[in-house]
Amino acid sequence: MDVLPLVLSLLYQFATSAAFFFLAALGLVVILGMMNIINLAHGELMMIGAYTATLTVHAGVPFWLSVILGFFVAAAFGAVLELLIVRRFYGRELGALVVTWGVSLVLGQGTLLFFGPFLPSIKIPGGSFSYGVFSFSDYWLILVLVSLLLILGLWWLYNRTLYGLQAKATMQNPEMARSLGVRTPRIYTLTFSLGAGLAGLSGALLAPTVTIAPFMGQQFVAPAFITVVVGGAANVIVGAVASSALLAAVKTPIGMAFGAFSGTVALLFAALIIIRIMPNGISAALQKYFIRRAGGAAR
Amino acid sequence: MTKHKDISPNPGTVAKTQESSAAAEPTTSRGIPRRAFMTGTAAVVTAATVLPNLRMARAAETGPVKIGFIEDLSGNLAVYGVQKHHAAQLAVKEINEGKTLKGGPVASGGVGLMSNFAANPPIMGAGDKDLKYVDKGGALSNSGIGFVEDEDVLIDSGESGILGRKVELLAPDGQSNNNIWQQLTRKLIQEDKVDCLVAGFTSAEREAIRPIVDQHKQLYFYTNQYEGGVADSNTFCTGAIVEQQVIPVVDYMIRKFGPRVYTIAADYNFGQLTAAWTKAFAPLVGGKIIEEEFVPLSVSDFTTSIARIQAAKPDWVFTLLVGSNQSNYYPQASAAGLEYPMASTVNMAQGYEHRRFKPPSLNRMYNCVNYIEEIPTTRNRAFVKRWYEMFPDDPYIGQMAQNTYFSVHLYAKAARLAGTTDQETVKKALESGLSIEAPEGAVFLEPSTHHCSHYIRLATADADHNVSFVREWPSIQPWWLQRVGVNLVRNKEYKQYIPDEDPFFSMFSKS
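The listed protein sequences correspond, in order, to chains D and G. For the first sequence, my numbering gives the first residue as 18, with consecutive numbering after it. For the second sequence, my numbering gives the first residue as 77, with consecutive numbering after it.
In short, the hints are calculated from the structure, not lab data. Quick caveat, the model's predicted, so the values are computed rather than measured. Heads up, some of the hints might be wrong.
Said to hold, decoys possible - Distance ranges between label pairs, derived from CB positions:
| hint | chain 1 | residue 1 | chain 2 | residue 2 | range |
| --- | --- | --- | --- | --- | --- |
| 1 | D | 142 | G | 568 | 56 to 64 Å |
| 2 | D | 97 | G | 283 | 41 to 49 Å |
| 3 | D | 282 | G | 578 | 40 to 48 Å |
| 4 | G | 416 | D | 21 | 35 to 43 Å |
| 5 | G | 362 | D | 266 | 40 to 48 Å |
| 6 | G | 254 | D | 109 | 46 to 54 Å |
Note that the Cβ used here is the ideal one computed from N, Cα and C, for glycine as well.
Just chain D, with the same shape it has in the complex:
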């Protein structure tokens, strides 16, 4: 086998795998990473996005528009969920865990009763091209690009807008933020709704590549939690990007050499080791490193 196609294929697998982790974790990055709510309904929020996209595509809406609709439907649902239920559980992590789990059961089973066990899938947009023995899917490359754009967008939102500033203030010290005139309940609703909307967006983006079924969200829950927890809360966006890349870098070569089973085992082992040596996640470790380096330079 030629070396160049293999290297390209590995790069492609790495990029798509990292994009998959990042997209799976996208909504949770905001809800768990920033708001510290263990949201077990994360998968169902992705499912809502995927269902919205699938149903609207079948109704004749162009795919890119249906992805945006997926964002707004999930965001609206998230806002309602926050106002009715989640806001009663701030500061009570275990309460939030149980209540979001209940919501996920109701959503999954409700979808099964309402829409049946499956929706017909959407065709994956774009074709494929090949190089050497390997072939590559256009759509996955588009997903990689979209993931990069989403990273930039999130960074801009949280570092260059008033909402971002108020949200960070609210999450760090709600009382102080309130005394400075920030309407914290509104920030909580907006942030939860944004997280839900992002979950819906990535559900819609991943919809063509997966089975559209009531319990489809569950496949994303484990990768999402692993990515966010490994990434850490010190800087959620940097953390999610770094942990997606790191986990994909472990999984891809081992999976390629020894098969999917070994790839999964290696992934879980990597997560275990990272959390052991960096208990607060990669972003906290990176932050500490940069602070120390900055301190060293100042001296």
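Here the structure of chain D is known, so what remains is to put chain G in place on it, guided by the hints.
For chain G alone, kept in the frame of chain D given last:
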């Protein structure tokens, strides 16, 4: 036809029941092939020796006949469980309305073996639920695909329910969780005291509950296609098994596409053992498994597996993928431009991937099935029609749904033959060589191994996901357990055999 009512528990009853069931269910009499006739004779002899020894019915047989039924109505496996649940509901409704499927202790044979042949296989378009359009494919010929306008196989049973008692279906949700399966099994057996248990999608679920079944000597039907090898005195496996599915399809694929096989399988006992079977059998027909990959059920991103397959360059891919997550393989492989021919024992006939995914994801998928909704025979079209009348919103009828349907009817037949719902007696009646005319064709419950012969068809999907049938075998016996010497009529057993226990295969696998 009300002879079955008020049957008193005495030894004469059995013969009377047999007569009346024969009268109520006339069988086709023209040209029974010799083998079927011999098997039939053997079955009658078995019946004659077994039946007089049946135990007396217990006095306490009043109230409804309870059929315990567990399937996954939620979770990763709900797509299969809901179908099976509907199948059981349909069968119970028919039994309560005084209907039964043709058949009885008359051995295999029936319509399948006597069919006419269509010169070209009938092909149907996708998305056609009521099967109103069937192309007979031109003039009849002497070879080709069996296709016969037989009459419907649903006939009057002569009574409402079983032995004059109504049938009740107790169907809790297994939630795709093996622990819940165990709890529900205990509850159904100990508290509800079901007369018969029909349950199990994955082999993991079956193996989780089989010890409980055996502990209580519960009469148990496992209706899924599976990896084979279960030799259990209390368990009746009515789905197709490896020698009926894997061997025909591997043989065909190696001849048609070439010897180099890549197996990608779900990582649990079904996938592992079916892959082991394929590995054991492929050398016999000149094939070679170049790579085996086992995928955990939770995996849903197949980019790396697709690249591995491309690097290995097989002639065709054997896919044994199970559950919603793993179905993602097909659209992902198709989008990545993976265009190898594929074979399977589960996909298409079980999870209707050819209906769920946009063409051409399932192009050149081959599967030896004992049932698939598209089977063009009259009896199947009648079955499909009855199904959609009861469940108009269902998306598909899969092979394990059909198995569940005829298994419930088979239980009713056996209980009528036994004249009681006493479980040990019904088990003996089931071991009397029963055959039943299922929607797929004639099915014969082989007494010594508790497995069924099946009408097997090799179905394939084209680039537009139209299903056609390229070969068929009107009756394939479940022969492997007999080969390793299992005879449950003589010796009680409660284990599962695996191909490694048969030295026959290792003789050929040195390559």
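Hint check:
1. The hinted range of 56 to 64 Å is satisfied by residue 142/D and residue 568/G, whose Cβ atoms lie roughly 58 Å apart.
2. The supplied range of 41 to 49 Å is met by residue 97/D and residue 283/G, whose beta-carbon atoms lie about 43 Å from each other.
3. Between residue 282/D and residue 578/G the CB atoms are about 31 Å apart, so this pair departs from the stated range of 40 to 48 Å.
4. Take residue 416/G and residue 21/D: their Cβ atoms lie about 23 Å apart, and the range 35 to 43 Å is violated.
5. The hint said 40 to 48 Å for the Cβ distance between residue 362/G and residue 266/D, and at roughly 41 Å that hint holds.
6. A hinted range of 46 to 54 Å is violated for the C-beta pair residue 254/G and residue 109/D, which are about 32 Å apart.
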